[in-house]
Structures are given as structure tokens and as C-alpha cells.
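S.K.: Sequence:
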Amino acid sequence: MVKARSRTARAGAGRARTARARRPGGTARTARTARLPLAATALVAAGGLVASAAAGCSDGAGAAPKITTTARAGIAPTPPAKGAYFGAWVPPEVRGAATKTPSSGSASGSASGSASGTPSGTATGTSPGKDADKPGMAPVAAFERDMGRQLDIVQSYRGWKSDFPSGLDTSVLDSNRYLLLTWAGADTKEIVEGKYDALIRARAKAIKATGKPVFLRWSRDMDRSSVKDRVHSPADFIAAWKRLRQIFTAEKVDNVAWVWCPTARGFGASNAGAFYPGDDQVDWICADAPPGADYEYRDMSESLKLFMQWARGRHKPIMIAEFGVPKSYGQRRAEWLRAATKTLEDPQVKAVVYFDSDEQAEDARDKRRAYSVTGDTHAVSALRELATTPYFNPRNLPVTSGG
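Be aware that the sequence shown starts at 1, since it is given in the numbering used here, and climbs by one per residue.
Worth flagging that the hints you see were computed from the coordinates, not collected in a lab. Every residue, glycine too, gets a C-beta built ideally from N, C-alpha and C. Hints may contain errors.
Straight line, CA to CA, 16 angstroms or less: simulated EDC-like cross-link-like pairs of lysine to aspartate or glutamate [stated by the list, open to error]: (1) Lys367 - Asp280; (2) Lys242 - Asp294; (3) Lys242 - Asp197; (4) Lys228 - Asp197; (5) Lys161 - Asp133; (6) Lys161 - Asp187.
Beta-carbon label-pair distances, calculated as ranges [to be verified]: (7) Glu296 - Ala209: 22 to 32 angstroms; (8) Lys367 - Asp229: 46 to 56 angstroms; (9) Ala250 - Gly278: 16 to 26 angstroms; (10) Gly159 - Glu251: 39 to 49 angstroms; (11) Ser225 - Gly159: 19 to 29 angstroms.
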């Protein structure tokens with residue numbers, strides 16, 4: 001991994017001023033590595049089973065690969081033809097309040113309706129703040145008002161044994177938004193042995209019963225040393241992943257897109273890629289990419305560099321499911337977000353999800369793990385700029401003029 005700030009950042013303010021002068025709008029790119037090449041992509045559904053997007057690059061170097069997925073086009077979530085979905089995790093409690101476990105809660109029913117590859121509702125008729133009166137949606141609606149648009153994706157965390165859908169899940173599924181269901185893991189060896197088959201089957205049936213497209217992100221960050229006692233090894237994780245998929249297939253669950261998501265940092269010292277179950281087992285490849293509390297300042301391009309290099313060898317759409325700018329960056333938070341916008345405008349990146357929460361902070365003084373933009377006018381404005389950039393609004397949802 002790259003340590004601390006890059007040599008580019010240390011070279012001084014002179015080059016930053018030069019970069020601002022050259023670029024329309026004057027946005028600086030501080031402490032950034034070389035931009036990943038951009039390429040045009042087009043999504044094509046083939047045989048109802050595989051969606052692919054041919055990608056090219058004018059210089060021919062580092063071009064994004066053709067994008068494929070095992071997800072059922074028109075039933076499960078598939079990548080947008082151009083650009084990337086914009087989503088967020090907004091805690092159900094008072095926004096900005098620290099919570100240690102986002103996966104608690106209980107189910108409150110399931111959504112109904114026919115399966116569709118796009119969320120229910122009318123994309124051109126919704127506005128920020130809509131559905132605030134529905135279970136779990138008030139904080140999401142408040143965040144959407146700040147962003148000036150409705151989210152494409154709303155993330156929900158569920159424990160391994162927690163029922164779903166929850167009240168928030170149902171509200172999202174009944175709206176014109178995708179649900180990103182982040183489901184915690186369990187002991188991989190026990191899963192393979194069949195101990196949890198009944199539980200997995202029940203969850204599969206519950207998702208199928210919604211009749212709505214769902215992103216399923218199971219056992220995220222499996223490469224962390226802190227979860228080794230239950231993950232055991234890459235081989236054990238892959239075996240458990242395949243057992244889950246086998247059960248979902250047996251239950252004929254077609255409305256799920258499987259999201260494999262280690263940490264971006266895991267592509268450095270540890271070998272996160274060893275946990276990859278294979279192209280035939282994964283619909284979206286993903287990374288959680290906070291800058292890291294051990295850095296005073298670190299651009300997103302540096303956090304993602306090794307993951308993106310690995311991802312170029314996979315014919316899959318990329319989701320960045322957790323990213324955020326720490327409060328410790330102070331007045332530079334807006335600068336960080338504007339630079340992140342450029343980094344994420346990559347043809348293989350098809351979904352980005354902001355982690356608008358301080359729940360990972362150890363205490364109120366821990367600003368390096370606090371990512372909520374609430375109350376920070378400049379950060380809200382910069383994140384809003386990202387959210388309303390046409391690239392991150394592929395469904396052309398309405399945008400409001402005010403903050």
C-alpha cells in the first residue's frame with residue numbers, strides 16, 4: 001500500500017496552483033496518482049442471463065474490460081449503460097449519531113410486485129425527500145434533500161441471523177430505488193457443513209418473495225484479519241459463498257445480483273483477490289475504500305489504486321460500496337470529494353455508495369473514522385456536486401436547485 005501522502009502532494013502548492021489554472025473550474029487534484037484511463041461502455045443483454053458491455057480506450061492502455069454478469073437482465077440489478085448509480089448508507093438513528101452495529105433491527109413485512117430489472121416507481125416523477133413518512137426513510141429523505149436528488153441505491157445492513165426485509169428494506173423496495181442488502185457472514189466451515197441451510201433457504205425465499213431487484217453483498221470485508229476466526233481461509237470462504245449460491249439457485253431466486261466486496265486495502269499487504277469465488281459466481285466486484293485512519297490525508301485514487309489494477313482483469317462492473325471523507329480533513333473535505341468524483345468517473349465503475357455515518361468512530365473525538373457530511377456546508381455541497389453530475393445520475397432523476 002502507498003504510505004502517507006504521495007510525493008506529488010509534498011511537491012508543494014506551486015504545482016497545485018498550476019493544475020488549477022489549467023483545469024476548467026479550477027479544481028485541484030492534490031495527492032493523486034495517475035488517472036485511470038477512461039473508456040466508453042455500452043450495456044448489452046444476451047440471452048437473458050449475461051449482460052456485457054464492450055469497453056475501449058483511445059490510448060489502448062489499461063482499458064476497462066468487457067463487462068459481464070450472471071444476473072438476469074430485466075429481473076436482477078444490472079449496470080447502467082453509461083455512468084454509475086449513486087447511493088448511500090444513512091443510519092436509521094439521528095443522522096451523525098454513532099452506532100456500533102448497523103445490522104440490528106427486525107423485519108416488518110415484505111414488498112410485493114412483479115420482478116423487474118429496474119426499481120418500481122416512475123423515475124422521472126420522484127423528487128428528493130419523497131417517502132419520508134415511510135418506515136426507516138426519514139433519514140434517507142433528509143440526506144436526499146441535501147443531495148438535491150433521490151438516491152439510486154439505499155444500503156441496509158442485516159445481521160447473519162436477522163430477518164429481512166426490515167421496515168427500511170420494504171420502504172426502499174416499494175420505491176424507485178435499489179436496495180443494497182449487506183448481509184453479515186458466519187463461520188464458513190459451519191455453512192459448508194450445512195448447519196445454516198434452513199436459515200439460508202428462508203432468506204432466499206424472503207428475497208424472492210419481494211419480487212424486486214436486490215443487490216446482495218454477503219460477508220463484506222472477508223479479508224480483514226479481525227474476521228479470520230470465522231472466515232478461516234480463502235478456500236473456506238469460497239466454498240461457503242458457493243453453498244449460498246447453490247441454495248439460492250435451488251430456490252429459483254433470480255432477482256439477486258451477487259456483490260463480492262473485500263476491502264480496497266486488502267489488495268496491498270494481504271491478498272484480498274484470493275477470496276474471489278470466480279467470474280461465474282459473482283455479478284459485481286466491489287471494494288470498501290475509506291482513506292484509512294492511519295493517514296493524515298489520502299486521496300481516493302491512492303486508496304483504490306491496487307484494487308482497480310486487480311479489477312481490470314475481471315470482466316465485471318465495479319461497485320464502491322463504502323467510501324467517505326473523514327471529518328479530520330476539515331476544510332479539505334470538499335477538495336477530497338471533488339478529486340474523488342474524477343477518480344470514480346471510470347467506465348468500469350457502475351455504482352458508488354457514500355457512507356454517511358460516524359458509527360465507526362471510537363468516540364466523539366475520533367474524527368478520522370467519522371464520515372457524515374451533516375452540518376458541513378462545504379462537504380455537503382461537494383458531495384452534492386458528485387451526486388448531481390450526469391455521470392452519477394444515469395437514470396436522469398430530477399435535480400433540485402437548492403441545498
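S.K.: Would you mind marking each hint as holding or not holding in the structure?
M.R.: Verification of the supplied hints:
As the CA atoms of Lys367 and Asp280 are separated by approximately 40 angstroms, the hinted pair breaks the 16 angstroms bound. Using a Cα cut-off of 16 angstroms, the hinted pair Lys242 and Asp294 is violated, with the two alpha carbons roughly 35 angstroms apart. For the hint linking Lys242 to Asp197, the alpha-carbon distance of about 12 angstroms falls within 16 angstroms, and the restraint holds. The straight-line distance between the Cα atoms of Lys228 and Asp197 is roughly 22 angstroms, outside the 16 angstroms bound, and the hint therefore fails.
Our distance criterion of 16 angstroms between C-alpha atoms is broken by Lys161 and Asp133, whose separation comes to about 28 angstroms. Taking the CA atoms of Lys161 and Asp187, the gap is near 12 angstroms; set against the 16 angstroms cutoff, the hint holds. Checking the proposed 22 to 32 angstroms range against Glu296 and Ala209 shows it is violated: the Cβ atoms sit about 48 angstroms from each other. For Lys367 paired with Asp229, a C-beta distance near 30 angstroms fails the hint of 46 to 56 angstroms.
Between Ala250 and Gly278 the CB atoms are about 19 angstroms apart, so this pair conforms to the stated range of 16 to 26 angstroms. Separated by about 21 angstroms at the C-beta atoms, Gly159 and Glu251 break the suggested range of 39 to 49 angstroms. Taking 19 to 29 angstroms as the suggested C-beta distance range, the pair Ser225 and Gly159 conforms, at roughly 21 angstroms.
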